[in-house]
Amino acid sequence: MSPDPAKETKDSSRHAQDGTRHHLSPARTLDLDPLIDDPKTRIVVCCGSGGVGKTTTAAALGLRAAERGRKVVVLTIDPARRLAQSMGIDSLDNVPRRVKGLDDSASGELHAMMLDMKRTFDEIVEAHADRERAAAILGNPFYQSLSAGFAGTQEYMAMEKLGQLRARDEWDLIVVDTPPSRSALDFLDAPKRLGSFLDGRLIRLLTAPAKLGGRAGMKFLNVGMSMMTGTLGKLLGGQLLKDVQTFVAAMDTTFGGFRTRADATYKLLQAPGTAFLVVAAPERDALREAAYFVERLAAEDMPLAGLVLNRVHGSGAARLSAERALAAAENLEEPRIVDQDGGKAGLRNSPDTYGSSEPAAVPESAAVPESPASEPDSPVDPDRTVEQLTAGLLRLHADRMRLLSREQRTRDRFTALHPEVAVAEVAALPGDVHDLAGLRDIGDRLAAGRPELPETDA
Amino acid sequence: MSRLQVVSGKGGTGKTTVAAALALALATEGKRTLLVEVEGRQGIAQLFETEALPYEERKIAVAPGGGEVYALAIDPELALLDYLQMFYKLGGAGRALKKLGAIDFATTIAPGLRDVLLTGKACEAVRRKDKSGRFAYDYVVMDAPPTGRITRFLNVNDEVAGLAKIGPIHNQAQAVMRVLKSSETAVHLVTLLEEMPVQETADGIAELRAARLPVGRIMVNMVRPEVLDATDLELVRGTARSSLAQSLSAAGLGGARRGGQAERLVAPLLAQAEEYAERYTLEHEQRAVLGELGLPLHELPLLAEGMDLAGLYELATELREQGMS
Ligand SMILES: Nc1ncnc2c1ncn2[C@@H]1O[C@H](COP(=O)(O)OP(=O)(O)OP(=O)(O)O)[C@@H](O)[C@H]1O
Ligand SMILES: Nc1ncnc2c1ncn2[C@@H]1O[C@H](COP(=O)(O)OP(=O)(O)O)[C@@H](O)[C@H]1O
Ligand SMILES: [Mg+2]
Ligand SMILES: [Mg+2]
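First to last, the sequence lines map onto chains A and B.
Residues 1 to 458 (our numbering) are what the first sequence spells out, left to right.
Residues 1 to 325 (our numbering) are what the second sequence spells out, left to right.
Watch out, some of these pointers could steer you wrong.
Stated by the list, open to error - When the alpha-carbon atoms are kept at most 30 Å apart in a straight line, the in silico BS3-like pairs for lysine-lysine are as follows: (1) 100/A / 118/A; (2) 234/A / 98/B; (3) 31/B / 234/A; (4) 40/A / 100/A; (5) 242/A / 31/B; (6) 71/A / 267/A; (7) 192/A / 98/B; (8) 165/B / 242/A; (9) 181/B / 165/B; (10) 242/A / 89/B; (11) 59/B / 234/A; (12) 234/A / 89/B; (13) 99/B / 234/A.
To be verified - Restraint-style ranges between C-beta atoms, simulated for each label pair: (14) 37/A / 181/B: 45 to 51 Å; (15) 273/A / 299/B: 45 to 51 Å; (16) 55/B / 204/A: 47 to 53 Å; (17) 322/B / 267/A: 33 to 39 Å.
No lab work stands behind these hints, which were simulated from the structure alone.
From the three backbone atoms N, C-alpha and C, an ideal C-beta is built for every residue, glycine too.
Turn these sequences into a full structure, and let the hints steer you where they fit.
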């Protein structure tokens with residue numbers, strides 16, 4: 001399952017200068033620019049479990065590829081409202097729209113669309129049946145509930161739309177987002193499941209009594225049909241069964257089978273030029289899903305480009321451990337009397353390896369007032385306030401460091417399981433990503449592969 | 001407090017966790033609650049660290065103070081077979097139908113049928129009484145489908161309208177609707193203090209209200225502790241870096257002079273404070289949006305060490321302290 005882990009992990013100590021990562025068994029850094037720049041890359045699929053940032057990653061990659069000169073279409077599914085607005089696709093119209101506001105100096109283009117599964121399904125019907133028959137299918141009550149949201153319809157239609165976009169051959173690169181489901185595997189499995197169901201044995205039994213002329217067939221059919229029309233008819237009502245029958249019969253003659261169609265689009269995912277990105281947050285459930293998905297891709301001969309580890313936390317002060325930060329915060333928060341002694345004792349015991357022994361050296365900027373001028377009459381002792389604030393900063397830092405080590409542990413487990421998978425880390429931004437600037441920022445981070453952009457003001 | 005507590009919310013916000021904590025919280029001394037799961041995912045078993053639950057009510061926990069929590073994973077196929085057995089005395093034919101895949105087929109082509117079987121089972125548990133006339137369960141808590149599907153899921157009458165107009169399923173739907181639209185039921189929505197889940201919560205409440213389903217409370221989950229408040233953050237911005245460096249130094253973190261260890265901590269600590277401030281502002285905005293929905297809000301803390309049984313009890317205690325029992 002994990003081909004030669006040793007080979008690729010050696011030369012990737014790029015994270016080593018980052019203090020938080022010294023104990024990491026380093027994973028390969030995923031280099032995304034070569035992937036999106038390569039003219040042979042035609043489809044990038046962003047998969048992962050719900051809420052991890054698939055849509056954000058897909059949009060950010062699409063934007064980046066476009067600004068680097070490619071003609072790109074992004075197929076988003078269920079984007080956050082403000083993000084969709086920023087790309088000009090907040091009204092569902094199921095066709096790609098050119099996104100404005102790009103840096104087009106490299107003469108690329110970005111088009112974006114939001115999947116409308118019902119519309120996509122309607123279009124298939126309209127494309128495959130003459131007008132009269134199409135109208136009959138579209139008006140069929142079973143068809144209506146199927147297209148409005150049957151288990152797997154969204155995945156099926158996402159695949160279908162991908163196939164259509166690819167067939168138009170108008171874009172250099174198609175970036176595909178996947179439906180929000182709890183399992184990343186649903187994107188691969190749901191279309192086939194739905195296809196098999198609609199093409200399945202029971203539906204055959206219901207729809208094709210005339211075709212099954214054989215004796216054995218008849219016998220089975222009689223038993224089956226009597227039970228169906230008996231019990232199921234009582235439960236579901238005769239009308240629903242009739243609707244299903246007419247729907248399937250109508251689709252069959254025009255459309256050539258759901259399963260066949262699902263298989264055809266599935267093949268597209270195995271074609272050269274398709275690359276998968278698995279998106280995950282550094283959390284147990286998300287990475288477990290990611291691991292399943294990685295294994296499945298390998299089993300299906302589908303090319304995995306790598307893992308996007310999104311919403312990773314970092315710290316510019318990682319050399320200060322959570323424990324030390326907390327101890328120092330407590331020290332500062334102790335009541336004054338105790339504090340003076342305690343503070344000094346703390347200092348004497350402080351393992352300050354850099355040997356700066358001055359307790360409170362006055363730096364050059366000492367002229368700056370020590371407490372905000374806005375509170376001149378404050379009864380609070382200004383030193384006390386600074387100490388409390390400093391303690392607060394230290395507590396924030398301790399929380400951050402705990403989070404970092406938890407994320408690190410989860411991530412290490414994934415790397416141990418799949419050392420062959422290249423990883424790009426994207427930092428957790430404090431706010432949502434809802435405009436082109438935000439997407440560009442995510443794109444930069446994706447391409448850098450590391451969670452922190454180089455610090456400038458340290 | 002309504003006897004049927006339905007817990008919905010955006011995917012991944014903590015529906016299963018909150019439902020379980022609520023079942024524990026409601027099981028005060030001498031009470032008994034039933035926690036039901038309807039999506040066949042065995043989320044309850046995972047949470048309580050037990051083997052997969054069968055289609056059978058079993059005791060899975062004793063709540064703080066001695067109440068009991070039972071759990072049930074409702075399987076729509078088995079529930080349908082039960083019905084068929086009860087009303088049509090199918091015997092072996094029922095099994096044959098199952099073998100043919102007809103049961104699966106029926107619940108698949110008619111999602112309303114599946115839903116009415118699931119909600120029906122939960123409502124049956126709500127109404128069930130023992131020989132002495134006492135309710136079998138004081139409360140039933142349902143780990144329900146996510147916000148996007150909850151209204152359709154609960155609005156079974158509309159959903160089965162296209163099905164048979166007579167027979168047990170139809171009657172069942174009527175009975176279920178009577179419970180679900182009454183004050184016997186409350187639908188709670190779990191959210192995080194983030195834009196997308198809050199939006200979904202607002203949309204979900206509007207849909208539930210339009211369908212005349214009783215909306216209960218908003219459960220804000222995974223709330224981060226407030227380390228610094230707005231005033232503190234203002235003060236931090238107004239404080240000289242040198243003072244902070246000195247303070248860090250006084251706490252034993254090295255030299256305050258330029259290049260000293262304490263001095264070099266100042267910039268990254270301030271950067272973290274800025275990130276915190278930005279998130280703090282966003283969270284306050286989202287809290288305000290939630291506040292406008294006019295429902296009681298409960299907040300559950302983010303458990304820094306991740307979720308386990310001990311954490312679940314902690315959340316349950318929190319819910320009790322906030323008056324949810
Ligand atoms: N208060 C909390 N503190 C820390 N972690 C939490 C908290 N609540 C939930 N979690 C964790 O968040 C994750 C999602 O929770 P849970 O499975 O309950 O969500 P859900 O809404 O039921 O998800 P789904 O939509 O997949 O059913 C789990 O890993 C859970 O342990
Ligand atoms: N790196 C990040 N930092 C901060 N917020 C992020 C990041 N990635 C995603 N988000 C936010 O998380 C939410 C869910 O992201 P989304 O891309 O819609 O997830 P998915 O498509 O996987 O469900 C959105 O509000 C998005 O803005
Ligand atoms: Mg999405
Ligand atoms: Mg759940």
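Compare the structure with the hints numbered earlier in the document and write down the numbers of the violated ones, lowest to highest. 3, 5, 11, 14, 16 and 17
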